[in-house]
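Student: Protein sequence lines correspond, in order, to chains L and G. Numbering of the first sequence is given in this note's numbering, commencing with residue 1 and proceeding in unit increments. Numbering of the second sequence is given in this note's numbering, commencing with residue 246 and proceeding in unit increments.
Hints in this document: simulated from the structure, not taken from any laboratory. Positions of the beta carbon are idealized from the N, C-alpha and C atoms, including for glycine. The reader is advised that the hints may include incorrect statements.
Ranges between beta-carbon positions, derived for each pair [unchecked claim]:
(1) G:L318 with L:G42: 56 to 64 Å
(2) L:E17 with G:Y307: 34 to 42 Å
(3) G:Q380 with L:Q221: 20 to 28 Å
(4) L:K149 with G:Q380: 27 to 35 Å
(5) L:Q221 with G:P259: 48 to 56 Å
(6) G:F330 with L:R136: 43 to 51 Å
These stretches of chain L come out as covered by chain G in the derived footprint (C-beta under 8 Å, 3 or more residues) [unchecked claim]:
(7) 11-17
(8) 145-155
(9) 169-180
(10) 198-209
2 protein chains.
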Amino acid sequence: MPSLDLCFSPELLPLYELRGKVAVIVDILRASSTIVTALGEGVSQVFPVASLEECAAYGQQYGGLTAAERDGLPAPGFDLGNSPFGFLDAARPVRGQALIISTTNGTTALRRSLAAEAVVVGAFLNLAAVADFCQRQQRDVLVVCAGWKGRFCLEDTVFGGALAERLAAQGFDVRSSDATLAALHLWEQGRADLPAYLLQSAHVRRLNSLEASQDFEFCLQIDAYANVLPLWQEDRLVDAALNAE
Amino acid sequence: MPSLDLCFSPELLPLYELRGKVAVIVDILRASSTIVTALGEGVSQVFPVASLEECAAYGQQYGGLTAAERDGLPAPGFDLGNSPFGFLDAARPVRGQALIISTTNGTTALRRSLAAEAVVVGAFLNLAAVADFCQRQQRDVLVVCAGWKGRFCLEDTVFGGALAERLAAQGFDVRSSDATLAALHLWEQGRADLPAYLLQSAHVRRLNSLEASQDFEFCLQIDAYANVLPLWQEDRLVDAALNAE
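Bound conformation, chain L alone (with noise of 0.2 Å):
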């Protein structure tokens, strides 16, 4: 019976096995769900990557549309920020195109993720896709937070919660890890009102107050791309759902 953990912070890593296991990579709060968005709305392949500076190099040399932020806010000299909405604008199609899109806590957990069998990523917004991946593998599955400034964050966990949950009906152990529990009992509490539970998380609030309230109502919806599915191959994210029809 395949298992899944959770692990909070991409500093606590170096404890956790990745052989042999699909790691899901979570920063709802919002390179995942941007991620996905963006994906979803047909861009073609996503380089994350961690700094302004790469962003700009990777742009140059593929081509693509860039995507940064500072503080919250668009970075200056980019296409877009980091908002999910950059991709839903009609006036500005992103269909085939190349993303690369810069995030600190996003790109430093994926980059330690890569020893995993198979790397996705994760939000709410594709909830199920994740949920039919892990149960397709057949693997144990490691749910890597993204984290803020690699400390533990609610928003992160209560997906890991949510996908236990969608695991556990399908036969995965999700009793054996204190740490999954625990997201277990937070999305019981949070999953009637998502957008108040999480409201009172202070960096929540803080990164609410920077944009539009849009951003964050937009990336606690479930299963909104229910069918995208980020998967890790070689260098690059790429919808796999797409891939493999």
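Mind docking chain G on chain L? Use the hints.
Tutor: Chain G alone, transformed into the frame defined by chain L:
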């Protein structure tokens, strides 16, 4: 307004500022509970050490009682295991003696926290003493969970939630850290039946199966030693409540 934050694992301590703060070291099952019990039963001072070798060496140097376990069972060649009941045996009074106790997770958490202004040991057994100390200090508090092999564990976190609740009532800010919020939520869920709640945890069940479950029930008693406060001084823990008299 001082704040309370929670560090889920000694591995995450590099992310936290300790200077000027009160560090509360927590290893509910069982090191911190046993240390509180020992001081409550009249042990004069406690030397926490990591290894069995140090435990034996300190024992010879200081001539006190030695307590050690290996894989959850009493280690051969020492006076006591790590059960609090070792200090409640009328046939072997402990009053006035020094204690050298081997505890891997707890010692790691403690030694990595020594940059704090004050370092105390917290357990459900002395929750009131810890809350009172923090309230009188009026400094930021960091609860350092010993965790389970460096990972998140439920019982230490739930203790953090219980302490946060008490300090919130004293005006402490417990809303600026997601870790504290999560701990408060888990405490709220578990408080009505703490043993049943914590027995969900696989590692708690494993520990519980090794020794009589009386240890487990004992460690979850709230304020059984409401006046005992293990405080780090130079190289050992002493009962601050006693020393202040």
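Student: Each hint should be assessed against the structure and marked as holding or not.
Tutor: Hint by hint, here is what the structure shows:
1. Between L318 (chain G) and G42 (chain L) the beta carbons are some 60 Å apart, a value that agrees with the proposed interval 56 to 64 Å.
2. At roughly 40 Å, the beta-carbon separation of E17 (chain L) and Y307 (chain G) lies within the given 34 to 42 Å, and the hint holds.
3. At about 43 Å, the CB distance of Q380 (chain G) to Q221 (chain L) disagrees with the hint of 20 to 28 Å.
4. Separated by about 29 Å at the C-beta atoms, K149 (chain L) and Q380 (chain G) satisfy the suggested range of 27 to 35 Å.
5. A beta carbon spacing of about 36 Å between Q221 (chain L) and P259 (chain G) contradicts the range 48 to 56 Å that was offered as a hint.
6. In this structure the hint that F330 (chain G) and R136 (chain L) lie 43 to 51 Å apart at CB holds, the actual value being about 50 Å.
7. Counting residues of the region 11-17 of chain L whose beta carbon lies closer than 8 Å to any beta carbon of chain G gives 4, which meets the minimum of three for the stated coverage.
8. Given as covered by chain G, the region 145-155 of chain L passes the check, having 7 residues with a CB less than 8 Å from a CB of that chain where 3 are the minimum.
9. Counting residues of the region 169-180 of chain L whose C-beta lies closer than 8 Å to any C-beta of chain G gives 5; at least three are required, and the coverage claim holds.
10. Restraint check on the region 198-209 of chain L versus chain G: 4 residues with Cβ-Cβ distances below 8 Å, three needed, restraint holds.
Hints 3 and 5 from the earlier list are contradicted by this structure; the remaining hints agree with it.
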